[in-house]
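Protein chains in written order, with my numbering: chain A, 11 to 181; chain B, 11 to 181.
None of these hints come from the bench; they were simulated from the model. Check the hints yourself; a few may be wrong.
It does not matter which identical chain is meant; a pair holds if it fits inside one copy or across any two.
Straight-line distance between alpha carbons at most 30 Å, and here's what the computed DSSO-like set of lysine-lysine pairs gives [to be verified]:
#1 Lys137 to Lys176
#2 Lys176 to Lys145
#3 Lys127 to Lys176
Number of protein chains: 2
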Amino acid sequence: MGRAASARAPAHASDAETRATTDHHAALRVWLRMLATTTLVEGHVRGLLQSGFDTTLPRFDLMAQLERAPAGLQMGELSRRMMVTGGNVTGIADQLERDGLVARSADPDDRRALRVKLTAAGRKAFKAMADAHEKWIVAALGTLDHAELATLAGLLARVRAHVRTKYGERP
Amino acid sequence: MGRAASARAPAHASDAETRATTDHHAALRVWLRMLATTTLVEGHVRGLLQSGFDTTLPRFDLMAQLERAPAGLQMGELSRRMMVTGGNVTGIADQLERDGLVARSADPDDRRALRVKLTAAGRKAFKAMADAHEKWIVAALGTLDHAELATLAGLLARVRAHVRTKYGERP
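In isolation and in its complexed conformation, chain A is listed as follows:
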C-alpha cells in the first residue's frame, strides 16, 4: 500500500515529516525507557542494600568511589565522582566516619584540605556489599548475552560522550 501511494503522489515532504516525527518520538521513547529501566534496577539495588546491609545507595556509592581511590579523595573530588545524586556528601561521610568505615586526615599534598579514605573495616564492609551488588546486577542484566551487553555499552557510551561534548557535565 505504501508503494502504491508513493507511486501516485510526490510524497517526499510528508515522508520526511513523518520520519522526523517518528525519529523525535523514537528518541523520546528511548529516553523514557532508559529512565524507567534505570529507575527499576536502582529501586531493586536500593532494596538489596537496605535489606541485606542496612545501608543506602548514596552510602554505597560513596564507598565505591573511595574503594577506587586507595590514596583517598578530597571532598570536592568525591562529590564530583558520585554516580547517584541526592544526599549531601558531607553528611554521608560524617555518618560513615561515625560508623568507623571512613576516616578523614590532612592531605599530605595540601595541608589546608582533608582527604577521606576507607578504613580497613570500611574496605571489608564494602567488599561484602559490592559482591552482593555485582551478583544481583549480573542476574538482572544476564538476560543479554555478551555481544548484546557490548552493543548496549557502546550505544550508551555514544550518548554519554555526545551529551558531555555538546552540553558539558551535569549542571
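Since the structure of chain A is already known, use the hints to place chain B on it.
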C-alpha cells in the same frame, strides 16, 4: 599467541572462568554506564526545566502522567506511574494545585476517592515544557541513528522485562 597457548594446554576451565569474570564485569560495567548516562541526561533535563520553566523534574513528571490520563488519576495510581523517585507526590500535587495547574475532584466511580487532573492552564504549561524537553532529548540522543535507537530501545526493554518478571516492580 592465544592459539599457540591453547594448543599446548587444556585451558578449558580457565577460559570458562575468564569468560565468567569478563561477563560479570561486562554486566556491571554496562549498569554503571547506564546509571551514569541516565544521571547525566537527567541532570541536564533538571537544569532545562529549572532555567526555562522554573520547575522541577518531579513536577514535570507528575504533569506528564496526568497528560496521558485525560480522565485524571487517583493519587495511588499517580504515585505508581511516576518515573522519577524522590519527592512526595501529595506535596507536589498540592503545590501544582495552588499554582492552578492541577485540580482535585471527587472520583465519579468511587466517591471516597479524589481524582487529580490537569487544568486547562496545566495542559498549556505542560505543552510548552514537553516541547522543550522533547527537543532537548532529540538533540541529546540524536547522535544515534534510527536503527541504533531501535536497538537501544529493544535491549533496554529486554532488561526491564527480565527484571520485572524475575524481581517484580521496584520495591
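Right, here's what the structure says about each hint:
1. With identical chains, the CA atoms of lysine 137 and lysine 176 are at most 30 Å apart between copies only, with a shortest distance of 25 Å across copies and 37 Å within one.
2. Proximity of lysine 176 and lysine 145 under a CA criterion of 30 Å is satisfied inter-copy only: 14 Å between copies versus 35 Å inside one chain copy.
3. In this assembly of identical chains, the alpha carbons of lysine 127 and lysine 176 never lie at most 30 Å apart, being 34 Å within a copy and 37 Å across copies at closest.
In this structure, the one hint that does not hold is number 3.
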